Amino acid sequence: MFAWSLAIRNLRRRRLRTALTASGIVVGISMMFILLSLVSGMEAQTRSMIRALGGADITVSNSTSFRGGMGGGGPFGALPSPSTLDASIAEVISGIPGVYAVSPQFSFSGSISGRRITIYGIEPASYEIVTGGLNIVEGRFLAENSNGEIIVGNALMEFLNLTLGQTVSLSAGQGGKERTFNIIGVFETGMVFQEYAAYITLADAQDITGEYGVVTQILVKCEDPSIVSDVASLILSTVPGVRVTTPTAVIQQASQTLNTLTMFFATIGLVALFAGSFGVVNTMIMSVTERTREIGVLKAIGAKNHQIMKVFLAESLLIGLIGGGVGVAAGGILAYLFPMLTSGLFSVGASPFGMRNAGLSGRAISNIRLATPAITPTNIAICFSLGALVGILAGLYPAWRASRMKPVEALRHV
Amino acid sequence: MSKLIVRTINLSKVYRRGKVSIPALNNVNLQISAGEIVGIMGPSGSGKTTLLNLIGGLDKPTSGRIFVDGLDITALGEGELADYRLRKVGFVFQFYNLIPTLTALENVEIPLALAGVPKSERRERALNLLRMVGLEARAEHKPDELSGGEQQRVAIARALANNPSIVLADEPTGDLDSKSALALMNLIKDLNRRNGQTFIIVTHDPIVAERCTKIYNIRDGRIETA
Ligand SMILES: Nc1ncnc2c1ncn2[C@@H]1O[C@H](COP(=O)(O)OP(=O)(O)OP(=O)(O)O)[C@@H](O)[C@H]1O
Ligand SMILES: [Mg+2]
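Respectively, the protein sequence lines represent chains A and B.
Letter by letter, the first sequence follows residues 1 to 414 in the working numbering.
Letter by letter, the second sequence follows residues 1 to 226 in the working numbering.
Pulled out of the complex, with its shape left as it was, chain B reads as follows (with noise of 0.2 Å):
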């Protein structure tokens, strides 16, 4: 067995809302190896973002701990994080979330501007990206003149920019005809054979699911192993 790229201990989140206290993970020991396409799965309330956010240094859980490559992401501040989450991780989201003023090429550059790569090296490596993905042609497309399927490529482009060594999806063919769903799939399977990125999918569409390597069922708050 690879080594583990991502472990939660205990991990729990209670949101508050007023008096109100909703518990939304109960702890969570979740164990997930490098290099795996790691799905998932659940009812709807059950957890599945509140997970994905604290894997991906958004949110900070209200107790328990979580461990990344080693690193220990709960005890990092507010910048620390932001640098965690520039460097370590990709967010692909259900709508795409592209930046609607820029070009898709423009899009991938982001990150690479955010980590200080100099202008000319950004666009070579943005171009690599978009090649990647098989959108090359679309470089100086307006993410509104692109197909939700296209879109959604652009912006796994842009999660892998700076090399993450994990990918977090949240219902990425959500909004997605079978067909985009399926190609989808298989540029992340494509990407995680050539690359050996770790795939993190929330997911409820079974052309996901059967193309993961791992499944997780998540009720309650609770991780019910398949």
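For reference, chain A alone in the conformation it holds in the complex (with noise of 0.2 Å):
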């Protein structure tokens, strides 16, 4: 259609104008891009560091949460030791309709090397149904006849400076007992601070505690993970004496803590957007002033008023294109740019989401850094429609005044 010739050629035409005003859109969809990215980034993480929290939908523990001191020692403490729970509750939990599969755990704070660290003491079988199992890098996992064998994460490994197959010698601590285990296989979260620990079977951490009959956790998995909060509230009533953690829930409230940052970060985007439409605005308006005339001729000859509009709008469009185009080739250079310039900065105060799982330290969460921006391809795509509709609405007004002229009027106008 014409309407797109003569709106190209009028923008060529005005090269340094188109110039200026589409740099009024690039501001504010480039800092749109940057902050939407960053956010993309921050769910990323916050996702994978769900997912390495392990895959259980519901973790079961003692509604009294600790007992014991403090752990310490190493630059990532290890968690006091949990309270304990009869292990047969395990049993009474998987026979609570939903649930899909149960597996007992048993963490403790013990010590390899003297360096205080949590350890996990697991059913491998059960554990591999109900979390999808450990990220084994090196070795294997642990068997059921796993007795004396131990996995350590990658981190502490080098922490320690330990090597697969060597022997190292495991302390409970008060009341407990010293053992070696041999090292069988070293696991990788992702995150540093969850590799400052080790897994032996459930069995071994019974017998290096003494306490046998006892889990700290009984971790679930359900037949579906759309009813896991039905699930959980029904362990609750089911199961006196107990607390229930769905990471679902943590899911829950960090997406509210990430749409709450989005609706803010996108709010100061817009209010830039806003500001650069009125450039797009003024720009149409002189462009409609300029060529009464020509909107004249065209009325003359046939044009009706909507072919007149869509002559007007094309242009406001190429320029909201324009905009939309270079703010998000400009956003993603400042984005790919943006840790480097922030490293250092912008890492969390605290645990955003209030977990208190076991083997997560508010401390050592505190060293994540939540800053890396994402650049994803539906960024992309909200950034630029997003300029190609700030182009149709701040074209939206001049182009209906240069439709609405007086064919006889407009053709006076020299």
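Careful, some of the hints might be misleading.
[Unchecked claim] Straight-line C-alpha distance at most 27 Å; calculated DSS-like pairs for lysine-lysine:
| # | chain 1 | residue 1 | chain 2 | residue 2 |
| --- | --- | --- | --- | --- |
| 1 | A | K406 | B | K88 |
| 2 | B | K88 | B | K179 |
| 3 | B | K3 | B | K189 |
| 4 | B | K179 | B | K214 |
| 5 | B | K3 | B | K214 |
| 6 | B | K88 | A | K304 |
| 7 | B | K179 | B | K119 |
| 8 | B | K60 | B | K88 |
| 9 | B | K142 | B | K119 |
| 10 | B | K3 | A | K406 |
| 11 | B | K189 | A | K406 |
| 12 | B | K214 | B | K189 |
| 13 | A | K304 | B | K142 |
| 14 | B | K19 | B | K60 |
| 15 | B | K60 | B | K214 |
| 16 | B | K88 | B | K214 |
| 17 | B | K3 | B | K88 |
| 18 | B | K60 | B | K3 |
| 19 | A | K304 | B | K119 |
| 20 | A | K304 | B | K60 |
| 21 | A | K304 | A | K177 |
I should point out that these hints are in silico values taken from the structure, not numbers from a laboratory.
A quick note: this is a predicted structure, and the numbers were derived from the prediction, not measured.
Could you use the hints to bring the two separately framed chains together as a complex?
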């Protein structure tokens, strides 16, 4: 359609004005793009963190959290040992409707080579079913007959200078024994603080601590992710004296926080865009005024009002598309450079999600940087179409004014 | 005598500027036969442009009726009038009024595009029209690369694009030297002979007047037959 040719020719004839006008949109769009990329980056990190927490749908533990003193030592302190539950509760829970599988776990604060860390005693088979297992990067996972075998986190391996196949001495502190274990596997989670931990069999854990017949957590997998919160409240009402933690609740809380962030950032970007759109309105009004005679001619030739509107809407849409395209590109480059520009800044002061799961210490999580922007196709699409939208909206009034001109009066214009 | 193409009945136009009324046309009754080249002459401010704009559907009369090809255009709505201008009328202006950013060819294509003629056919037809006015070789030139006479010939090609029944020209030679004016009139006479289009030309120019088949004189908004 000739509307596009007219619009393109006109923008080209006024290159400088086009560039200046589009740059008003570029500022808003690139800001928006950086901010959205930051939020996406945080979202991705939150997701991987939650995944790393362990894949159990529900964690059941004693309603009184901890026993014993605080753990200490090392760059990442282990948690104090949690209160215990009777192991028979696992069977009660597995009988609750909606529960697919359960896996008992005994976690305690122990020490390897004098370093206090969190030790998890697990039942390997059910653990894999319920959580999806550990990410083993060297060696192998525990088996049912893994007495005296231990899996150690990669970070701890490096910290203590351990090697696969080595024998380490493990002690449970007061009231517990000291025993030697053979390192048969190394796991990684991507979260350093989670790798300052080790896994042994449940039987070994109970043996070392001398606490037979009890567990500290029961990990639960539900039949369907959608029923997790229902199952969790069913457990609460069926089993007395327990507390439940659902990562989905954590996810919900996290995504709520992110939504708030997104809204906040989006508002800032929109304000910038709004300011930029005034430049477009101004330029388009100028363009309409300059071309009054041309509008008169087009009408005399037989152009209908909507066809005149299209000519000017095409022009402002093109400005919006240029602004959106350049804005996304500029924002993308800045978002890419962002981690380098802000390294050291932007670490989160405290655990933003208030997690109190075993294995997560507040001090450890504070060292995770949450500000690596993620450039996603969705964000590109959003920002690009936002530019187009601003172009169209900013062009509406000037285009409407052009379309309503009286042909005779427009033709008299010099 | 051939059939009537334009007929005005008691056509009046009064412009209002605040409290002041300016009568521009006063009970004009005009009959124009198909295939004529009509010249409209008269002193400045006598209402020539006003009359042309009314016949061309660019403006609405204060009272009276205009029939073009049997159709009462004073009864048409805004959209219908645009359609009427697109298909039935061609306009030629004193200062050519080509779109400066478009080439000669594209300028001729506009009315075709507005009428929904598909792209490929549009080009072909626009080229034929330019050939008809002898400007095929200048198809890719922008208006500012053409002389006044050439621009006016492009304007004629544009006016004829949708094969209108009447072509309205307001002082088409007003900005041309006498040689270009003569060439333009010869072109108009030629087109009139070949296609039978009716031309209504407002003019002060004797070169034009001599080549019209009929002249109307207008004074103070009234027609005085020659
Ligand atoms: N839009 C308008 N508002 C007010 N008065 C107008 C308007 N257009 C024309 N007139 C007046 O109407 C009268 C006729 O004008 P018109 O343009 O038809 O004259 P014309 O014969 O074409 O003159 P010229 O030869 O100078 O072009 C003039 O007095 C003019 O001032
Ligand atoms: Mg005039």
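Each hint tested on the structure:
no., hint, result
1, K406(A) to K88(B), "holds, 20 Å"
2, K88(B) to K179(B), "violated, 30 Å"
3, K3(B) to K189(B), "holds, 19 Å"
4, K179(B) to K214(B), "holds, 22 Å"
5, K3(B) to K214(B), "holds, 15 Å"
6, K88(B) to K304(A), "holds, 15 Å"
7, K179(B) to K119(B), "violated, 36 Å"
8, K60(B) to K88(B), "holds, 17 Å"
9, K142(B) to K119(B), "holds, 20 Å"
10, K3(B) to K406(A), "violated, 32 Å"
11, K189(B) to K406(A), "violated, 32 Å"
12, K214(B) to K189(B), "holds, 13 Å"
13, K304(A) to K142(B), "holds, 25 Å"
14, K19(B) to K60(B), "holds, 20 Å"
15, K60(B) to K214(B), "holds, 26 Å"
16, K88(B) to K214(B), "holds, 21 Å"
17, K3(B) to K88(B), "holds, 16 Å"
18, K60(B) to K3(B), "holds, 25 Å"
19, K304(A) to K119(B), "holds, 19 Å"
20, K304(A) to K60(B), "holds, 16 Å"
21, K304(A) to K177(A), "violated, 92 Å"
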